[in-house]
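Student: Protein chains in written order, with the working numbering: chain S, 1 to 143; chain E, 1 to 381; chain L, 1 to 142; chain G, 1 to 413.
No lab work stands behind these hints, which were simulated from the structure alone.
There may be inaccurate statements among the hints.
[Unchecked claim] Below, computed lysine-lysine pairings styled on DSSO-like, alpha-carbon distance capped at 27 Å:
1. E:Lys-44 - S:Lys-40
2. G:Lys-94 - E:Lys-312
3. L:Lys-45 - G:Lys-259
4. S:Lys-38 - E:Lys-46
5. E:Lys-5 - G:Lys-94
6. S:Lys-38 - E:Lys-44
7. G:Lys-94 - E:Lys-262
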Amino acid sequence: MVEYVPGIPILKPYIDADNKPYWDAVNDHKFVVQQCNKCKNYYQPPRPMCPECLTLDTMDFVPASGKGEVHSYIIYTTDKMAYPGMKIPYAVMVVELDEGVRITANNADDIDTEEIHIGMPVEITFVDIDDSLTLYQFKKREA
Amino acid sequence: MTSIKDMTAIAGIGLTEYSKGTERTEWSLASEAIKLAADDAGIKVKDIDGLVKDIDDGWDCSYVQKTLGIDNLLYSSESHWGTSSMLNVVTAVASGTANNVVYYRSRKGATTTRRSPSDYRVAKETLDDSISILRIDFYEPYGLATPQGCAAMLQQRYMHEYGITPEQMAGVIIGISEYGAKNPLALYTDKPVTMDEYLNSEMTVAPLRDIDCAPGVDAGIAILVTRTEMAKDLQQTPAVIMSAAQGAAIEGEFLTGYNQEKMTDFPETMNMAEELYRVAGITAKDINVAQLDDRFAPLVPMQAEALGLCGKGEGAAFCGAKSLPINTAGGSIGEGFMDSNRIVEAVRQVRGTSTSQIDNAEIILYAAGAGGPADGLIIRK
Amino acid sequence: MTVQYTDKPIPRPALWGIIYRSSGSLWEGVKEEKFLIQKCKDCGKILHPPRPMCPACHSTEQEYVEASGKGKIYSYVTYNKSPHKAFKAPYSVILVELDEGPRVISNTVDVKPEEIEIGMPVEIAYEKIDDELTLYKFKKAG
Amino acid sequence: MGRNILEEYMNRKYDADIKPSPQANLIKDKTAIVGIGETEYSKNSGRDELDMACEAIKNAADDAGIKVEDIDGLETFTLDRTAMPFIVSTLGLKNLRFASEVSFGGGAACAVTLHAAAAVATGVAKNVVCYRALNEASGHRFGRGDGYAKYMISAPTPHYGYTFPMGFCTPLSWAGCWGRRWMHEFNVTYEQIGWWAVVLREYANKNPRAIFHDKPMTHEDYMNVQMIVEPLRLFDCCVDTDGAAAHIVTSAERAKDLKQKPVYILGAGQSAPIEQEIQTIYNRPVISGLFETWYAAHEAYRVAGVEGKDIDVAELYDPYSLGGIMSLEECDFCERGDAGNFIEGGDNIRVDGKMPTNTNGGLLSEAYIHGYNLVNEGVRQLRGQSYNQVKDPELCMVTAGPGVPSSAMVLRN
Chain S
1 MVEYVPGIPI LKPYIDADNK PYWDAVNDHK FVVQQCNKCK NYYQPPRPMC
51 PECLTLDTMD FVPASGKGEV HSYIIYTTDK MAYPGMKIPY AVMVVELDEG
101 VRITANNADD IDTEEIHIGM PVEITFVDID DSLTLYQFKK REA
Chain E
1 MTSIKDMTAI AGIGLTEYSK GTERTEWSLA SEAIKLAADD AGIKVKDIDG
51 LVKDIDDGWD CSYVQKTLGI DNLLYSSESH WGTSSMLNVV TAVASGTANN
101 VVYYRSRKGA TTTRRSPSDY RVAKETLDDS ISILRIDFYE PYGLATPQGC
151 AAMLQQRYMH EYGITPEQMA GVIIGISEYG AKNPLALYTD KPVTMDEYLN
201 SEMTVAPLRD IDCAPGVDAG IAILVTRTEM AKDLQQTPAV IMSAAQGAAI
251 EGEFLTGYNQ EKMTDFPETM NMAEELYRVA GITAKDINVA QLDDRFAPLV
301 PMQAEALGLC GKGEGAAFCG AKSLPINTAG GSIGEGFMDS NRIVEAVRQV
351 RGTSTSQIDN AEIILYAAGA GGPADGLIIR K
Chain L
1 MTVQYTDKPI PRPALWGIIY RSSGSLWEGV KEEKFLIQKC KDCGKILHPP
51 RPMCPACHST EQEYVEASGK GKIYSYVTYN KSPHKAFKAP YSVILVELDE
101 GPRVISNTVD VKPEEIEIGM PVEIAYEKID DELTLYKFKK AG
Chain G
1 MGRNILEEYM NRKYDADIKP SPQANLIKDK TAIVGIGETE YSKNSGRDEL
51 DMACEAIKNA ADDAGIKVED IDGLETFTLD RTAMPFIVST LGLKNLRFAS
101 EVSFGGGAAC AVTLHAAAAV ATGVAKNVVC YRALNEASGH RFGRGDGYAK
151 YMISAPTPHY GYTFPMGFCT PLSWAGCWGR RWMHEFNVTY EQIGWWAVVL
201 REYANKNPRA IFHDKPMTHE DYMNVQMIVE PLRLFDCCVD TDGAAAHIVT
251 SAERAKDLKQ KPVYILGAGQ SAPIEQEIQT IYNRPVISGL FETWYAAHEA
301 YRVAGVEGKD IDVAELYDPY SLGGIMSLEE CDFCERGDAG NFIEGGDNIR
351 VDGKMPTNTN GGLLSEAYIH GYNLVNEGVR QLRGQSYNQV KDPELCMVTA
401 GPGVPSSAMV LRN
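Next comes chain S alone, as it looks inside the complex (with noise of 0.2 Å):
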């Protein structure tokens, strides 16, 4: 459970030309991951061209289950390392997803910090910051 600090705002993803297809799904509460329609292999960071096949014009997005497990996390416990913009402690999971790709994002409202463990069943849901800034959050699932 992430809670936020008012006033100080939360950094936005950094959109261009590469990545704007996967963070405007993000915008609308959905979640896909690239895939080189050629090869089929999934790719996270999104790239502009398949390190496989070489090609520029192969980078598909494609809708994601956004189930997965815990791979690892920490959890700030001081205000040392931490973002000013989020209260302590909170924590930071880096999800492997069933694609096979992983990508880190806080645990949502219905997981407690000290519940994260490696392994645990996890699915995306999505949580409007404010009206410029929607991410994605992990919730429990039912393995």
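With chain S held as given, fit chains E, L and G onto it using these hints.
Tutor: Positioned in the frame of chain S, the structure of chains E, L and G alone reads:
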């Protein structure tokens, strides 16, 4: 005594389309350029084991590997003020550290002028470096706030010292634009510049005419270098690197070397030229074609003099008379400001594929860094 | 006063850097309308821009001496379009070679852009921009 | 994509066939580190970085017995802010022949020496100085979180856009994430991790240059100290430092008639394996290991023609204890996943142990000059000039920053 002479060669060049404004990212341009360079040389992209870039643009090698599928790199470096990318590449290959090293640039000079975020940059309080602080402490409070202004300061002193007239100075860009008109890639030069156009060109900062300033361009360029004996059994005629060198000088800055004894001498380029010719075992007279730094046309004559291509004060007349072919693809004035597009043209002259092919083009000189830390290359068939 | 300023903040020396602080004494002197140039205590070489070590003898002991403020215009440019919102075009930027050797960038106070010539003798003048910033400028000499 | 790299890494078999042949390598045994220098390491230098860089370079030249103007090559990080043209004007370098910068912060700690050696070995330059100066204690701190909120509205690069918005924006926390996965996969305990910080502090207490020279720390102190970002405690973090360090590389012939006993570069290597990022290496096939340190170390071994078991003393880059501990595995000083047991009790890494490590106190307790102080300690060990001198060592392994494109080198006396 070991030397880098003839040990390495440019085996592949990669050039994306030039654009005055593209949606594509620098990452996409860099990836395509490197792939094109590998295809041009005839090697697998996976066999590239070294990547060198300029700090100001493009994306660092860890990004570019994600699109090229390179398993591991044995060499990487980023050039900054005072360093030379090509010399890095040559020492990497010649020392046996890596086999195929690519110097790549990807820049959106036409779309945005922001510095590439590829390096970790925190904002204002931690300024870039001491040279940026010198500029802010000593030049910007007085309104000298642009590179154009600094180039104009050099031009004014040079024209005064040798009594150069605007008509003579016009010869530089008129000569270069004649080559640009024959090069379909030179987006900014469809026909040669006329004397009237030159004399009537606006001066944002006098005495530098706006027409004398190279525009920005969006493009990706990659230069692949390998050992000469390996290049011999690849697809293209190898452009053998006779020598590569870099030059610096005390009191040198970046276009603002005001406390050098004679700033219009370009001491950095003179130091670099001395080593460049020594390693190559030739003199300035053996150069058949030159690709010089024409980001600001009035600096080309000073660079030609510093390289020993002509006597002091004779630079403008030398360029106007076209006694030596200079920037045979139209240079940055024609193709947009990206130093390595002149390396590509130098390689075309070696391969005989230039849009203005010089028939006895045996030894080609490339030089960059006019008025600041200098960088040079001599290549041959 | 040949350089016209707008109401926007005028760029000013950084001075607080952790990277390069050597020019601090020079700007303190300018506040008291004295133009101090750095000199190596061991070999007497004039160092400009100021720096922590002498390139000639590698001594790290420097002192500041007051310059005469006299010099000649070495080069100049004239901005017909202003590149910075604090400055009103047209204005000229001059490069002055001081009698003691260093060359400094500045503005003229009493010479219009079209009157400036290379070799023109000039003398230092000070212009208080605001309570934290005084800039050294140059006026016609003699 | 990446299939053979995973096999290679997991089977600990470094595939050397496509690499440049060792015979073609001009650096091996033909270049040497002949001079080392540094300023005082402190929490508040009161000086600017340019001033400290010049002092460190001058000290290195004096140590080598050469004049400052004999230096014709400069080598540093892209992060360094002393700007080479102004270093040339301040040191009075009349004919600079080579200059190069390497990116990726600490990952370049040995790459700078490799590039300097490449310039010397190919005859481009004679004396190349690698230097680094920073006021990271009194000035700007890279590793803190609050810096970003003040300066930025969005992540600085696209790839940080997947971590910064989640409040995940400091190198220590990124490392803590793959570090925890390693601890999980090989059930490494916090008690075991602590021994790294404890032994390094013992070394520092005998090293007058070290910032924590007069501050002892027991294993119990370690266990009771505050957790900064779980799983890493305050004593697991490197010590932010004001200072500068430098070392000079020249040819083996010239090294013979200089002041100090030459320390030869036997083999050096750089690395940037697949899905490489700045610490956020979460899309690697496995994240419980440092591919970049393994590849850099084994490229250095390949060129040097030696193996992990031949090394007598190691200086492993430890911006946080986990980086140094896991590097023990990547340099083959112990099996993959066994580093926790290897450092338990601390004897194996003490001065008379199986692999004396970070004998100056490392980046945790001596100083954090981005690895340059580790290179200087490696040189001191091989000259017999260390405060924690290993009994006549012959081979020293130095590694650079983990989690980023990295480098490593084998030095010999």
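Student: All hints, please: hold or fail.
Tutor: Hints, verified against the model:
1. A threshold of 27 Å between alpha carbons decides the hint, and for E:Lys-44 with S:Lys-40 the separation of about 21 Å falls inside it, so the pair holds.
2. Restraint check for G:Lys-94 and E:Lys-312: satisfied, since their Cα atoms lie roughly 22 Å apart, inside the 27 Å limit.
3. Between L:Lys-45 and G:Lys-259 the alpha-carbon distance is near 30 Å, which puts this suggested pair outside the 27 Å criterion.
4. Of the supplied pair hints, the one linking S:Lys-38 and E:Lys-46 holds, its CA atoms being roughly 19 Å apart against a limit of 27 Å.
5. With a CA separation close to 23 Å, the supplied pair E:Lys-5 and G:Lys-94 stays within the 27 Å bound.
6. Straight-line distance between C-alpha atoms of S:Lys-38 and E:Lys-44 comes to about 19 Å, which keeps the hinted pair within the 27 Å bound.
7. Note on G:Lys-94 and E:Lys-262: the hinted pairing holds, with a Cα-Cα distance of about 16 Å set against a maximum of 27 Å.
Hint 3 alone, counting from the list given before, is not met by this structure.
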